[in-house]
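Number of protein chains: 2
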Amino acid sequence: MSDRLLIIGGNAAGMSCASQARRLRAAGDLEIDVMEAGQWTSYSNCGIPYWVGGQVEEAESLIARSPAAFADLDIKIRLGSRAERIDLDAGTVTVRSTVGNRGGEGGEGASSTLGYDRLMIATGAVPLRPPVEGLDADGVFGVQTIPDGEAIRRALEKQPKRAVVLGGGYIGLEIAEALVTQGLSVTVVLADPLPMASLDEDMGERVCAAMTALGIEMRPCEPVRGIEVESGLARAVVTDEGSYPADLVVLGLGVRPNSDLARDAGLRIGTTRGIEVDDTMRTPTHEQVYAAGDCIQTRNRITGHPMAIALGTHANRQGRVAGTNIGGRPARFDGVIGTAVTKVGNCEIGRTGLSTKEAEQAGYSIETTLVESTVKAGYYPDAGKLAVKLLTEKHTQRMLGGQIVGGPGSAKRIDVLATAIWTQLTAAEFASVDISYAPPFSPVFDAVALAARKAAGR
Amino acid sequence: MSDRLLIIGGNAAGMSCASQARRLRAAGDLEIDVMEAGQWTSYSNCGIPYWVGGQVEEAESLIARSPAAFADLDIKIRLGSRAERIDLDAGTVTVRSTVGNRGGEGGEGASSTLGYDRLMIATGAVPLRPPVEGLDADGVFGVQTIPDGEAIRRALEKQPKRAVVLGGGYIGLEIAEALVTQGLSVTVVLADPLPMASLDEDMGERVCAAMTALGIEMRPCEPVRGIEVESGLARAVVTDEGSYPADLVVLGLGVRPNSDLARDAGLRIGTTRGIEVDDTMRTPTHEQVYAAGDCIQTRNRITGHPMAIALGTHANRQGRVAGTNIGGRPARFDGVIGTAVTKVGNCEIGRTGLSTKEAEQAGYSIETTLVESTVKAGYYPDAGKLAVKLLTEKHTQRMLGGQIVGGPGSAKRIDVLATAIWTQLTAAEFASVDISYAPPFSPVFDAVALAARKAAGR
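Residue numbers (the working numbering), protein chains in the order written: chain E, 1 to 458; chain Z, 459 to 916.
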């Protein structure tokens, strides 16, 4: 008799788990059954700002693999099926149909109960919502799901003039860029003094300047106090400093793990609000129950501290680790170091490892090194500027963090720093690495190498 | 009484040695005296193709630091001074003035003899010349020095129509691109079956296709047999297959270490024709004599085998290592892994570590993994294609080499592979590294990560 793997959530973590488990165990040995509240599987949440911005025309482009493609792998997908309750003792999940409601909201349809031998929880993340009134009004949008993107695109058809974005993290930046691209006047309202709070201040200032140069009105240190609503429609965003008229308001405050279902079932939830799992993606209390992706609590590889981080790559890797273990082979997730990259207009941003604040909070004594250089040889055409900041541990010179802000072609070199930090190189060791040089690609010493050399030379 | 450091060669290796030695020892303690046969110091040889191509307008742009700037550091530069003979027993160098000859050729001026306490040999490289007749004709050019670049630029003023480039390595590719950019019909004649012989064949084929698509006529497997000369002027390049008319002929066959002066002095020359030095850049027989840059034999960090490699970054690093040791602090050069990057038109090329041929010659049993992917998320606009090839050791899965050929934005990720190979990661270890993702920068799994995952999954 075959086992049944039940998966809650048909996006990155859930479906990479499904695919990997199927690769290792045939349909006669393992039945795989996926409940997805929405109408899509395996799509790129991260692509939604670019769909809103018009760089991507069709939602279908964002879909990596359709339900039909999964069906071909003998993976059953139940679209419009919201998991309502997990009974860990009985080994069952109660699921309710959301049919007729493409957004997956509500829960009016029929309910049924499915048994499992193994359960995978991949419920993703939900947008952070400030504790203010008016957020439920029409004209206030998230940027998390395909229905969110559809709703913003419909709103754009009415040719709105002004948008207010709440928050200046990755999503805030990307949606601000998208709305500027669509010709709107954009105001970014943020509680922090600077956008990109995961950067050090001197780097965040560069991002802020770039956003201002794009014509975005920046309103730092102004936490939102409320949304002005007229006839059910959002009209303005109110802070202590003023009221910013808005034809549309977008939530760019980041996300939190969507762990309520797991918590209600009695699974352990960490300090980050993510579901607790070990490196095999198993929950510590129930060895048949796995969780992966944006809904879990993972581990910072540098500090060892718990961390909740929503990113498609981690979700994919973690789902694959779970699927490998379910498939009968040992696999472990090695943690994260917080590598991320984004852009706003021509300003690219990369970061990895610890920021100064994070390093200090973790008790490290650090030194920082800032290098300003060019993306290509200085004499080569269009050699945009970039700044690289390196954080090293004071006594060991071990690299702990890196940040890049610069012109086109600058940010992806964060991966070199990420690899060096991952492998615990010192600045001197990294400064010796034979990395590439040619005038169209960098000065003789790439800014990342130069930063390491400067850090090592103290 | 102060020591005297005599440096032969005022480019990357020589001048980084000078700067670093001065940083550590003041002028009262160390006199620094540089002999440079030409009229320039510290310029970017690698930038010359882009000066020829017109992306760089002025030779002055290629100069990192002028003789006057060095004079401010109490570093004496003797321009137009060719070292003719080193007497290791006497500790002297005989130098002859080349004044009146900007190219530094010949040697008709006055001669003098200078003593040294420490000697640094940084004589660089000279272009490889095929053993055929006609190479000394007018209209045959190297791409090695500023006078070479000036000569080609002067030739371009006469509005030539057809150029033949001999060789398909880095310089061959770059100068072919430059001449296409200048509107010439370009034929590349090469002895090998494919351009970029430091790549595997399947990757070289991609480069060849890109060059053909640029309108370059590729003539592989046709070693040059001679240059047709009329009235002292090159008119065509002759191979076994045909005769290719040329208004100008450019040598792009690569370079060899310019080690003749050192050899004549009795210093040891390696199998690669480079001057033998240890990791401190000292010659093994004369501890007061150092050498660095394109003229030396260095060490491949992976195989431990000797290697001659001409690249500004290594020359700079090696010069700095020599300067640090001369300055009284210990420093070592950690070897190279052959990382390089270039482009021809929109085709970018990166390589690091061992190619299949190199790995097999060194006795490794290897596996190769090829991944075809996109530079950005597949749905993002202008997501050019790229191919990544990974070489891993069969039994250990240790990464030994990487190659990238692809569209704009692809090649610089060779640095991530270089860092992983440098630190001896296995494919599985590298596949776990937290590298960045956002749709404008890569698919969810960057091609380099995907290649590692595929290699690890065998």
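Hints listed in this document are in silico derivations from the structure and should not be mistaken for laboratory results.
A couple of the hints might just be wrong.
Across the chosen pairs, the derived CB separations fall in these ranges [what the hints assert, rightly or not]:
| id | chain 1 | residue 1 | chain 2 | residue 2 | range |
| --- | --- | --- | --- | --- | --- |
| 1 | E | P193 | Z | E675 | 40 to 50 Å |
| 2 | E | P245 | Z | K912 | 45 to 55 Å |
| 3 | Z | K912 | E | L128 | 50 to 60 Å |
| 4 | Z | P839 | E | G328 | 51 to 61 Å |
| 5 | E | D138 | Z | P839 | 25 to 35 Å |
The C-beta atom is built at its ideal place from N, Cα and C for all residues, glycine as well.
Structure-based check of all given hints:
no.: 1; hint: E:P193 - Z:E675: 40 to 50 Å; verdict: 60 Å, violated
no.: 2; hint: E:P245 - Z:K912: 45 to 55 Å; verdict: 52 Å, holds
no.: 3; hint: Z:K912 - E:L128: 50 to 60 Å; verdict: 37 Å, violated
no.: 4; hint: Z:P839 - E:G328: 51 to 61 Å; verdict: 42 Å, violated
no.: 5; hint: E:D138 - Z:P839: 25 to 35 Å; verdict: 31 Å, holds
Hint compliance for this structure: hints 1, 3 and 4 are broken, all remaining hints hold.
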